[in-house]
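Enquirer: If you follow the hints, you should be able to join the two separate chains into one complex; please do so.
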Amino acid sequence: MKRVMLFLLSFLLPVLSNGFSYAGDKCLTCHKGLSDKPSSLYSHDIHSSKGISCAGCHGGNQNSDDMEQAMSKEAGFIGVPKGDDISKVCANCHANLDKMKELGSTLPTNQWQLLQTSVHGKSSLAGSEHIVQCITCHSVHNIVSVKNPASPVYPLNAVKTCTKCHADPAYMRTYNPSIPVDQFEKYKTSVHGMRNSKGDPKTAECASCHGGHDIRSANDVKSSVYAVNIPSTCSHCHSNAEYMKEYNIPTDQFEKFSKSVHGITLFQKRDVAAPACNDCHGNHGATPPGVESISKVCGTCHALNAELFSSSPHKKVFDEKKLPECETCHSNHEIIAATEKLLGATPGAVCSRCHSENQNPKGYVIAKAMRHLTDSLESSENYAGALVTDAEQKGMEISEAKFKLRDIHQARLQTRTMVHSFNNEKFNEAAVKGLSTASFVAGEAQHAIDEYYFRRWGLGIATLIISIVGIALYLTIRKIEIKQQNKNNGIKEN
Amino acid sequence: MKSAWNKFYSWLDERVQLQNLIQFMGKKYVPVHSHSIWYYFGGVSLFLFIIQVVTGILLLLYYKSGEEFAFESIHYIMSKVNFGWLIRSIHSWTANLFILTAMIHMFSVFFEKAYRKPREMTWITGMLMFFLALGFGFSGYLLPWNELAFFATKVGTDIAGVIPIIGKPLMIFLRGSEEVNGATLSRFFGFHVAVLPGIFTVVLGIHLVLVQRQGMSEPLGLEANSKSGLKTMPFFPNFLLRDLLFWLVVLNLLAILAVFFPWELGKKADPFASAPAGIKPEWYFLFMFQTLKYIPARLLVIDGEVFGILLFSFAGLLWMLVPFWDKKSNRGEQNRFINYIGLFAVLYIIFFTIIGWLL
Chain A
118 MKRVMLFLLS
128 FLLPVLSNGF
138 SYAGDKCLTC
148 HKGLSDKPSS
158 LYSHDIHSSK
168 GISCAGCHGG
178 NQNSDDMEQA
188 MSKEAGFIGV
198 PKGDDISKVC
208 ANCHANLDKM
218 KELGSTLPTN
228 QWQLLQTSVH
238 GKSSLAGSEH
248 IVQCITCHSV
258 HNIVSVKNPA
268 SPVYPLNAVK
278 TCTKCHADPA
288 YMRTYNPSIP
298 VDQFEKYKTS
308 VHGMRNSKGD
318 PKTAECASCH
328 GGHDIRSAND
338 VKSSVYAVNI
348 PSTCSHCHSN
358 AEYMKEYNIP
368 TDQFEKFSKS
378 VHGITLFQKR
388 DVAAPACNDC
398 HGNHGATPPG
408 VESISKVCGT
418 CHALNAELFS
428 SSPHKKVFDE
438 KKLPECETCH
448 SNHEIIAATE
458 KLLGATPGAV
468 CSRCHSENQN
478 PKGYVIAKAM
488 RHLTDSLESS
498 ENYAGALVTD
508 AEQKGMEISE
518 AKFKLRDIHQ
528 ARLQTRTMVH
538 SFNNEKFNEA
548 AVKGLSTASF
558 VAGEAQHAID
568 EYYFRRWGLG
578 IATLIISIVG
588 IALYLTIRKI
598 EIKQQNKNNG
608 IKEN
Chain B
564 MKSAWNKFYS
574 WLDERVQLQN
584 LIQFMGKKYV
594 PVHSHSIWYY
604 FGGVSLFLFI
614 IQVVTGILLL
624 LYYKSGEEFA
634 FESIHYIMSK
644 VNFGWLIRSI
654 HSWTANLFIL
664 TAMIHMFSVF
674 FEKAYRKPRE
684 MTWITGMLMF
694 FLALGFGFSG
704 YLLPWNELAF
714 FATKVGTDIA
724 GVIPIIGKPL
734 MIFLRGSEEV
744 NGATLSRFFG
754 FHVAVLPGIF
764 TVVLGIHLVL
774 VQRQGMSEPL
784 GLEANSKSGL
794 KTMPFFPNFL
804 LRDLLFWLVV
814 LNLLAILAVF
824 FPWELGKKAD
834 PFASAPAGIK
844 PEWYFLFMFQ
854 TLKYIPARLL
864 VIDGEVFGIL
874 LFSFAGLLWM
884 LVPFWDKKSN
894 RGEQNRFINY
904 IGLFAVLYII
914 FFTIIGWLL
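Chains A and B are the protein sequences, given in the same order. So the first sequence is residues 118 to 611, counted in the working numbering. So the second sequence is residues 564 to 922, counted in the working numbering.
With the rest of the complex left out, here is chain B (with noise of 0.2 Å):
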């Protein structure tokens, strides 16, 4: 067995000269330290997304797009298809995962000031591809094209709606027409299979040798030690392997998830009936939803509602440029201002999504 391996692995070497990538990653170190679980959390992001592209595929094979055939289609794959109802549990709840850590993966970097220079790039490659995966999960929610999808599309959309000069276009851009209907759904497809994920492989792709060309970040304190000798572990095998049995963790976990808590379908859109009370958006858009509630109707000569979503927007883009305001981390000096920062972000976005989950 252990000869026949050899051989085809010799057979493969000779090819594609796979002996030179694993010396390459060899002399590839990650550093060792109390806060190197965080590194996990890149690569755990890279796998929901493989699972999200793998199982999105499979989808596609039933899927329908259109008022008529959506919400069915999504229905006859969940009960006639056969391993239809974990595909598609998988690919929501990965869908939900994927965000998650995605989240405590731009919070550790964001922490450990990972984004300082030399990495400005791969932060802001990184920024895009959350924002990105934000607009998957937009677009992916109204495919079902269920009742709860459909108000939530239709009140997201709507606060697009009132950004000065571009909101109205970028919602009929958005919806494909005045409102919410069968163009909106046609054009969500598109983006969710096909424009998003483009754009997302090129920007991951960069990400990645970005990661695979600078190495892990290392954390500032240590770095200062780091002529006492800091300790280090090979990324292969030891870090991938690592990484690997993390994945078998999770995916063992979505394998939980899909058996007991099944990804519901609901109740077919009707662009007719009236909202259901309580409509909520998915979890990762309701700390915003919940704060544009609280901000007055009107602030002095502008629109609490634009108020609030300009405040967003200018909050995203002044932590999406981090890398270039942030000197003193740049320096090489410890910033706690950023600090602060971060965890007055953390506990804003947890403390209102739970208000808005509970109220």
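Chain A on its own, in the form it takes in the complex (with noise of 0.2 Å):
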């Protein structure tokens, strides 16, 4: 019985599993013996080891001996597959949760729609295709596990693979003038890229930010590597201390970046014109700023104040104690609003971490000076707003006082700034303008809302004088018509 099952489990096999049984396959001994490069290739394919037929991918009947009957149309044969019916056909597996489980595969099966939705499944310039198919990063006929080192999707091998296409200024041109095509000479100098080199498969490459078949562009809100999304995607290693142990890095940045001022703004406000982990520390060549460079870094967008720091009696101190310059004050990825409270010789003011009355008193006094200016300028601002806002609930005009109202805002942003150049007389030019737009704005106010109540007392008065007259005159009416009315009686006496 057990023989008779064999005998007939040999022959059925090959016609259940449908073109996906690789013994016995015609195709592969035809085009073996004509010793070309697909047949040589296939044996090392994972498809090969999966037991799929050239027929698996091509149609055709493989277990014909004829030639001709193998390759028929009849017999489902497709030849060799072009623009995306090639994507198409690995879809018909991939695609297919059945098959793949059938198949004793885990992997997921949504890459084909993933990769019609990427940025890469836009039409080519043909115009029938997309631009790119499964076989432009995972090659054909040789095609192993993204995990297998000869994979060209392996991380050690994607960043080469991405370049074939990403490193072509005349390719790359064709479909967007204005992308860069450097990223890999840039990689190539980040940390990424070094230990990617150096045989590290852990560091990120390409897909590792960019993600894999679902690659968007940069400006798709839906992109990982969009600007709201950066922060987490660099989460993904860095947030990860298991991943990160054998790097002797911190991994709570993404946390205390959520808390940052830049963190809130980008996550909270949606604003992408704040920075986000590449801002400071590069996208493709990225490293972590040197304690030299950081001034440089948040220059880039603070750049006043980075000015006025590097011509500041700061500069030179902070280069000879090697203190990296923004950094000290305000923290690295936690970086906190800047308010007034950083600013003097109180516990919680940056300044009294080196100044205090008795070492450097020179900065302690000047520090408590500015910090006294500047609770000044902001309870002038909330005294002259409260005016303002007294004023425009009573109805009066005040839209002029109003607007000057954001002078006297500016005015604190400004000595805000000032402080970068700890220069005493700098700094009190900026807050007394502050200080005499508040008083400018307050008065203004305080004379609507005195005009307020001058308008119903006026209204007051008016209203009594013309009650008054309109007394006298009806008295006046009632005096002229008893006259007359006495007047025409005496003349009917009479």
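Some clues are possibly wrong.
[As the list claims (entries may be wrong)] With a straight-line cut-off of 30 Å between C-alpha atoms, the simulated DSBU-like cross-links for lysine-lysine are:
1. A/Lys143 with A/Lys167
2. B/Lys830 with A/Lys511
3. A/Lys604 with B/Lys794
4. A/Lys604 with B/Lys565
5. B/Lys627 with A/Lys511
6. B/Lys627 with A/Lys519
7. A/Lys604 with B/Lys570
8. A/Lys511 with B/Lys843
9. B/Lys843 with B/Lys831
[To be verified] Only part of the chain A face toward chain B is listed, based on derived beta-carbon distances under 8 Å:
10. Arg573
11. Tyr591
12. Thr593
13. Ile597
Honestly, the hints are just simulated from the structure, not real lab data. None of these values were measured; they are calculated from a predicted model. Where is the CB? At the ideal position from N, CA and C, for every residue including glycine.
Expert: Written out as structure tokens, the structure reads:
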């Protein structure tokens, strides 16, 4: 009985598997005889090891010795697929969960769907197919698992695979003339690139940040490298303590960044002008900024602050003590909103870390004076704002003063910038300007409030006068009419 | 004090014969009856017109016409000029109260049939003044050059533009060009401070002379019973002093409105901006504007909007010519049909104004 079963199975299996069976594949037998490249490569292909024959992709009858019958249209032979048909052939199995399970695969089955919606899914120059097909990255006939170091999409090879197109200016220009083609050059200089070239497959390569099949333009909000999404993309690795263990660097950057003024602006206000990881560290050429370059990195946005600091007396001292310039006072990932509280000699103020009444007293006095002025400016702004609101609520025309409120706030921001000069005169100039504007606005608003009461009092007095005149007029009319009545009665009497 | 006044009065009387005028006015009598209250609305309208002239002249001292200056100059008047806010608010509120009191005056004359012979010309001049008042309102509304005024003028002149044959030339004449722009503002300013006041003053003069010559009309029912002795009061001083009392009340009302509800300026007009939602004309045009909305786009062979405009024009013309077709009232007979027409007009205006205001 057992023998009969085995005999039957040896005939039925190739038929049931509908071309998946590699055993007795006549296509391969003939093509190997011809010594062509595809057949020689295919024996190392992962699909070959899964028992998928040539007919699995090309169609036809792999059991027939007759070439014409094996490659007949009736047998489903499609020849060498072209354009999107290539990916569709792959998707026949890779988008079919049942078939993949049947082959013992746990791979996802949405790659084809993702590819079509990705930036590579756009129409090619010919207009009849997508820019990228499966084989563009995965190769053909010698496809191996992504975990196999021989795979073109293995982490150590992926960069070179992407570079085939992305480092070719002539090719890239045809699709997007403004897209840079130096990513690979930059990548080589990055910490990621250097480690990758040394054979560390754990370091980030193209797909780590951009994704594999669902690569989208950096301007696309769904992209993993869209400004708002970048921190979480980086944090996939950098917040994973286990994964980062061997690199000996902190893994709390994302947590700190989320609480920072930059993180709040980026995540909560969805303001893409706020810096993400790549704005300070670089993207393709990502490295931690060195102590010397921090002020330059911050200075790309905070230009005036950096310039003032560079010409301030602190520059020399910081350089001598090898203190990172901006970071010393503002921290790095957890930069909190720079308020007046950072300034001065109070316990929370950063100045007091180096300046005290006994140690570096000159700076202590100046910091104290600066804080005093900023506090005055803040309370003046609040006072003026409250008066303007009051006047406005009373229905008074106060638009000019309201507009000038912005100038006070602007002066406050200016004083915060001027702090970086550590020059008392410059700081005072900005603060006094704000104080005088606040005084003007408060005066105007107070005048409007006074005017409001003046109008009501005026109306009251006017109403009183009009009422008195009205009563007098009424009495006069009565008097006249009584006189007239008496006169008429007199005439009648006479 | 009294002797000083007498001396001054004698001095003046010697030169201008004041006594003759007082005697003339003293001989003029005003009928006293249950509807006498309506007599005062003509006087109140006159008082409001005088206020308009005075406040208008004061505003002219600071107002600058032109796209670049109009809004800013009104803003300056409202915020920097001493009592500028008061003058501008009173001018704006008075404009509206003037139309309202003129309307009440018109309807009271209509219901009392005071337009009947021999007062046909008084009615016609009154109606002309009412139309001129609407012109004052329409032209003055644009002068602050704010957003609402700009688009209301655009809509208003667009409506004028659909009148057959004369519509397009009329629209260009009003606007000074194809679009509402600085040329329209200059033109409306000219209409508002020169053309309309000139014509209005002449028509007002005729109206007042006619009123003085013909005296106050008596209601039809009372006229019939006049033989039993109609109650009257002298125009001077009795009626005139009562008029003054009423004017004082109106003056106080204006002051209250100006202080508690100062006329807003809004946003400066931007010809390139899209029209704000729910743009509406002034309340006295609202019933017509709302009616035009309800008329279908096409009525047989005629455009719906054109039909509406022609309908209102025809109704206005009939209304103005009522002394000539209301033969019954001219014969001194009661004409209930006129009352029904008047009542319909009042209800129609109130209903569609409210609908227009709410929607």
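Enquirer: Please go over all the hints and tell whether each is borne out by the structure.
Expert: Against the structure, the hints:
no., hint, in the structure
1, A/Lys143 with A/Lys167, "17 Å, holds"
2, B/Lys830 with A/Lys511, "19 Å, holds"
3, A/Lys604 with B/Lys794, "17 Å, holds"
4, A/Lys604 with B/Lys565, "23 Å, holds"
5, B/Lys627 with A/Lys511, "28 Å, holds"
6, B/Lys627 with A/Lys519, "25 Å, holds"
7, A/Lys604 with B/Lys570, "26 Å, holds"
8, A/Lys511 with B/Lys843, "27 Å, holds"
9, B/Lys843 with B/Lys831, "17 Å, holds"
10, Arg573, "7 Å, holds"
11, Tyr591, "6 Å, holds"
12, Thr593, "6 Å, holds"
13, Ile597, "6 Å, holds"
Checked against the numbered hints given earlier, this structure breaks none of them.
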